Amino acid sequence: MTGTSDELRLSAATIGTVCLLTAVGTLDSSTYRRVRDRVIEAALGEPAAVLVDVNGLDGVAPSVWLAFASARWHVSTWPGIPILLVCGRPELAARIAQSGVTRHVPVHSDIEAALRSLTHDELHRRRARIELPRRLTSLRRARDFVGNRLSDWSQGQLIPAAKVVADVLVSNVLRHTQSPPVVLLENARSTVTIAVQDAEEAPAVRREAADGSTDRASGLAVVDVLCRAWGSAPTPHGKTVWAVIGPENRL
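Numbered according to the UniProt record's numbering, the sequence shown spans residues 1 to 251.
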């Protein structure tokens with residue numbers, strides 16, 4: 001193999017709520033980013049976990065295996081999806097371990113072992129999704145959606161903050177893009193994530209007044225105060241802006 005990207009093949013399948021990626025070919029400097037981005041893309045689809053079967057991969061240098069650690073770093077805060085490697089070749093598993101990847105991404109000998117390692121909370125996150133039209137009435141619909149779902153999930157203490165965050169994120173989509181907003185809601189233990197997708201590639205950024213004053217706070221400045229963490233993640237067809245709130249963010 002010469003290490004060109006044409007020699008790398010990636011395929012995806014599902015096992016229940018888990019995404020299984022199978023990679024075959026050479027992992028080197030020319031394919032590093034493709035592998036990393038495909039793993040990130042799979043995680044952004046919010047499966048319970050992403051398993052990557054690397055039995056068919058060859059890495060020409062230990063550093064290239066860090067593609068998987070890099071992918072894990074990109075999704076560590078949101079969507080927080082576990083990434084696990086599956087490798088039944090002892091000599092390859094040893095090379096992966098030597099690269100330092102296993103500090104962030106565990107390696108299991110087979111798919112069954114990887115699935116057994118997942119916790120109940122990882123496999124049973126509560127998720128909901130709604131697609132909204134590009135109209136101002138979507139602001140109220142987004143707030144109602146968040147309130148109703150969180151009430152169903154016994155997370156009533158977080159409803160006020162979550163509604164404000166959803167209102168800001170949907171408002172930004174309506175104001176700054178030509179996209180209909182898609183609202184994603186997730187509950188894992190005591191935290192709630194509100195995410196809004198649109199079809200614009202430009203990342204969401206917090207804007208300050210030109211004179212540095214704080215008289216007019218931007219919507220994302222409000223989100224920054226109300227949540228534990230927030231960010232903007234690229235997707236294959238645009239971006240997702242997300243915010244995580246916990247018990248400390250109750251209003």
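Fair warning: there could be bad hints in the mix.
Now the in silico label distances, taken between C-beta atoms and shown as ranges [said to hold, decoys possible]:
#1 Ser-190 <-> Arg-89: 35 to 45 Å
#2 Glu-122 <-> Gln-178: 15 to 25 Å
#3 Pro-106 <-> Ser-232: 36 to 46 Å
#4 Arg-206 <-> Leu-123: 17 to 27 Å
#5 Ser-109 <-> Glu-131: 18 to 28 Å
#6 Arg-89 <-> Ala-128: 38 to 48 Å
Derived by calculation from the structure, the hints in this document are not laboratory data.
In this text, all values refer to a predicted model and were calculated from it rather than measured experimentally.
Just so it is clear, CB atoms sit at the ideal spot from N, CA and C, and this is done for glycine as well.
Results for each hint:
no. : hint                            : in the structure
1   : Ser-190 <-> Arg-89: 35 to 45 Å  : 40 Å, holds
2   : Glu-122 <-> Gln-178: 15 to 25 Å : 36 Å, violated
3   : Pro-106 <-> Ser-232: 36 to 46 Å : 28 Å, violated
4   : Arg-206 <-> Leu-123: 17 to 27 Å : 34 Å, violated
5   : Ser-109 <-> Glu-131: 18 to 28 Å : 41 Å, violated
6   : Arg-89 <-> Ala-128: 38 to 48 Å  : 40 Å, holds
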